[in-house]
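**Student:** Listed below, chain by chain, are the residues.
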Amino acid sequence: MLYFSKLRVFSVLIFTLIISYFTISNFTKIDDDYFSKNIKLGLDLQGGSYLLLEIDNEPVITQRLQSKVLEFKKFFKDKDIKVRNFVIEDKSIIFDVENSKIEDVKSLLDDDKSEINPYFQQYKSHQFNFENMNTSFKLEFSDYGLVLLKNSSLDQAIEIVRRRVDEVGTNEPNILKRGNDRILVELPGLDDPGRIKSLLGKTANLTFQFISSSSEESFGTEKLSFEDGSSEAIVSKRIVLSGDNLMDAKPTMNNQTNETVVSFSLDRVGAKKFGKATSNGVGKRLAIVLDGKIISAPEVREPIIGGNGQISGNFTFQSATDLALLLRSGALPAPLNIIEERTVGPDLGKDSINAGIMSLIIGFVLVVAFMFYKYRFFGLIANLALISNLFLLVGILTLFEATLTLPGIAGIILTVGMAVDANVLIFERIKEELKNENNSIVAFDSGYTKSRTTILDANITTLIAAVILFFMGSGPIKGFSVTLGVGILTTLFSVYFIARLITAYYVIKNKHKEKLI
Amino acid sequence: MKTIYFNKFYKSFNILSGILIIASLVFLVFKGLNFGVDFKGGTLIELRTDKSSANITKIRDSFNQMNLGDVSVKNFGNETDFVVKFEKQNSNDPQFIEEIKTKLSSSIGSVDFRRVENVGPKVSAELLRSGVIAVALSLAAMLLYIWIRFEWQFSLGAILALFHDVIITLGVFSVFSLEINLSIVAAVLTIVGYSMNDTVVIFDRVRENLRKYSDVKIFELTNISINETLSRTIITSVTTLLALLSIFIFGGEILKGFSLAMILGVIFGTYSSIYIANPVLVSLKVSQRTIVKEEKE
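Residue numbers (my numbering), protein chains in the order written: chain A, 254 to 770; chain B, 43 to 339.
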């Protein structure tokens, strides 16, 4: 155990130096991107906001069922099968089929090559499961069909969330999928998440609908209230134009009224539609509806054919900017709910870093002093191992760009406290061996050998705890498990390669000395 | 070094541990744990006030007027910092926190919200569940590991020691109504690892001594093993405690609960490795045959 080949010594040295370099690079400014890596600070240390959003898929499911009903109607008409009484109830589609065609419909729905109810080979599942009672059919989404639907609406939502967050311009936002109906948004450095929250909380479904004079219209009408809650109006259900046709929107100042407005421009299809509708509707009031609330309902004085328009509505410059941003980024497929929020101010983050570093230094000094007091020269060896352990630990965290959190710093300090254990086990064992063994080299050698399984056992148990924490924990706690886990590996390295190297060198030089340890 | 007769006190300390465990369980069942917003849901605000206006009653009063459900206000670190927790969480309303801030500053002067945590009921239930699973999983993993590495008598001793440490640590948290949050789960898991670590070191020695001495009874043999590993036990506990104390004293308020749980865990873990794990070996009459038999198989 005490013999080291030159190559081994050399590689240990090189490895330690390279990893330590990354530790030091945290504290220096090097302009070279390739070699300069910095440890990432978690939101609890640099300040920022963590938001967990959950998508409310109910409306998406209903919408999808509605469009499916249209598909069914067309499909069966083409196949010359009479179906009637379509109802959407309790997330399922119910309809009746003429008596003679029941078996046909069954086979159409159950076919592996079904056009109307796609079959997914790899999941052994159709999009819909169906039940048949007499002439009545009941279809509902299969588990996989539902997953597919949720995934696609989540993908869309993430895209929109990313656009909105990017537009606000926070530095390095982190937007991730969580499961099949959640989005995690991390916004480093953001002190007050109020604005982002209000932007993400809006679906931003924009429609233009005429205010209806009579309640009898072919498309039907609905009663909507104004944004400011002042009054209500009856609006035709016919949608003249929706936000999908919007190309751009920005806040501007209306020169005539000195009011802040949102001006928008439409794509070609939208401009055409809008031109036609406004030509026919001169004199009527056109309601601009956002998420079921009327922003304003100006009278159409002349046809708007250029594809440019303005939305007025008692905006402040800020609210006009936000509305324009929402319109530019597009509508969410479904509403998002914020189900978890954690915000740390930059002050507290800084305080936490200072407190963390302070306790690391003090803990380190105490442990080092205690080890020196207990073991003198061998205490120094253990301390040297401890220092290189710290450098290796921080270096590896930097190299893999791990996120350092406040509990993560606690993990480093804890590693300092527990790391000496391995050396203590070895030193104590050597002391025992020296009692019965005159040859100190043999005593040292067997001290290392005999303590090895114990050290491995002891460290594996802590490693198990760290691994479980890594997979079960979230955010800051994950940071703790990372430093604790990596700390165990670097501890073993520093004890078996660095401390043992120095010990071996010292013992071989001083083998005839009394009371070596 | 002089031999200390730990084994003389096996019985008395086992009785003491029994009492502590029963008391902890009684507290856990009847008083329960003080769950923080992570596990209960609700809102937490850490705020800093101007020096002149800092007053815990005033802050509590103005929060009580806002209809936020059960409100608790605590001093946090220095005299200008407070932590306020209340049941209501309304993270969907972007103005929710802003309104609270406005109302608060109108009654007590300017305040700075240093930290806001807002956890919905669904998320808190999930966090609690995954916390419980994590602890259960780590106990199971330790059981498995020790079962592979040692004979079943040893596994039983180690696992009983683990349960002892976890239950009493949680018991202390219940008695003093200390807050249980995500970081406490991390602490408990680390305690599990540490306690196991400590037990394994002594058990390794017991097993080695069982091979060495065929004529020594397990009652004495455990004592020999404890003594042989004693200076390691002390040194490691001391260095770990030094590190933890440093976190407790200098690491800031956020890490107080975490480091306290760890400190308790290390103390109980060290104690249980000696006084729970070893007596189990004695009462199961472990002898040289226990390990020789296993090895022949």
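Derived from the structure by calculation, the hints contain no laboratory data.
Remember, predicted model here, so these are calculated numbers, not experimental data.
Check the hints yourself; a few may be wrong.
Stated by the list, open to error - Result set (PhoX-like, lysine-lysine): computed pairs, CA atoms no more than 20 Å apart in a straight line: (1) Lys688/A <-> Lys44/B; (2) Lys703/A <-> Lys254/B; (3) Lys259/A <-> Lys703/A; (4) Lys254/B <-> Lys688/A; (5) Lys164/B <-> Lys684/A; (6) Lys627/A <-> Lys44/B; (7) Lys403/A <-> Lys44/B.
Claimed, not checked - Some chain A residues judged to face chain B by a derived CB distance under 10 Å, without partners named: (8) Glu475; (9) Ile592; (10) Ser612; (11) Phe630; (12) Ile640; (13) Phe644; (14) Phe733.
By construction, the Cβ of each residue, glycine as well, lies at the ideal position given by its N, Cα and C atoms.
**Student:** Which of the listed hints are broken here?
**Tutor:** 3, 5, 7, 8, 11, 12, 13
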